[in-house]
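Engineer: Let the hints inform the model, and build the full structure from the sequences given.
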Amino acid sequence: MDTYYKKKIAALLSEHLSLSDNEIIDLIGSPPKKDMGDYAFPCFTLAKVFKKSPQVIAQELVSKLPTEPVFQSMEAMGPYINFYLNKSQFIKDVLQKVLTWTEEDFKSIAGGKTVVIDFSSPNIAKPFSIAHLRSTAIGNALAHIFDYIGYRVVRINHLGDWGTSFGKLIVAYKRWGDEKALSQAPIQYLLDLYVRFHKEVEEHGELEEEAKTWFKRLEDGNEEALVLWNRFKDESLKEFNRMYDVIGVSFDHYWGESFYQDKIDPVLKEIEDKKLLTESQGATIVDLETCDMPPLLLKKQDGATLYATRDLAAALYRWD
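With positions in the sequence shown counted from 1, the corresponding number in our numbering is that position plus 265.
Hints are computed from structural coordinates only; laboratory data are not their basis.
Pairwise CB distance ranges, derived in the manner of DEER restraints:
1. Thr-379 - Pro-560: 31 to 37 Å
2. Tyr-572 - Pro-297: 20 to 26 Å
3. Tyr-413 - Tyr-572: 30 to 36 Å
4. Thr-365 - Met-558: 37 to 43 Å
5. Asp-517 - Glu-468: 42 to 48 Å
6. Lys-464 - Pro-297: 44 to 50 Å
Simulated crosslink set (BS3-like; lysine-lysine; CA at most 30 Å straight-line):
7. Lys-272 - Lys-378
8. Lys-298 - Lys-362
9. Lys-316 - Lys-272
10. Lys-540 - Lys-298
11. Lys-298 - Lys-539
12. Lys-313 - Lys-298
13. Lys-564 - Lys-391
14. Lys-464 - Lys-439
15. Lys-329 - Lys-317
16. Lys-313 - Lys-273
17. Lys-317 - Lys-273
18. Lys-357 - Lys-378
19. Lys-357 - Lys-272
20. Lys-372 - Lys-362
None of these values were measured; they are calculated from a predicted model. Here a beta-carbon is modelled for each residue, glycine too, at the ideal position from N, C-alpha and C.
Structural biologist: Right, here's the structure in full:
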């Protein structure tokens, strides 16, 4: 469909330019922000030909363009002409095209390619919620569809099994834990402990620092911390797998956040080698000011990692 819309733009512009359709298509790009349209045509290269500024050229060209049903609007934005798709027409076009396809047409697209589907992804030590069920159902359906039409499907359950919340759970269990209660109703009991931690911290603020310390120990491979964390994880997975068995869902890998822990340092080293890492107030960040975005925090002052750090490692691992 992308080529289809670019050809539409080329047909509109070629009436007023001495460029071929292919030359126009090569220049078409995507705006940096969604609210700036779906396609953008730059007018910089036309400045010498028209002997006008790109901004003026963009305005003059837009005024000459006829209405085209596939575009909701066409606007001059500085030196660009931005094209906004007619979403209703887009949906209609896609459905009309797909409904004409045969099974072989679908399979010809797959061509043995790999698709990774990350779905369900509940949090360890917390109940399996309706939000997780929605993701599970959608992800499982997509996996079956992609598998049917010939893709190699990799089903990943990206468990929420790492982070400062586990430092809190370890502190709570060491202070108030009961082995019998954990064995009888693990997820509910761990949730109760987590809630109690947050109530206690209102009067005993030092618990927060203690939790951060225990999570750092967990990241550093402390044996006591790992034993407790593994216990919380194993008990939770037993409950989750009972649910998956009932609804007929399976995964190729249970690669939660913790799986990428030993892959973080190589990723940070790669970013550092590209001179993108910066120290800021003792923390490790990627400065994204030039992209008009806030800095990406990858390591806290105490050296602990964050969701973003682990997500980055996960994305690169899956790509490789």
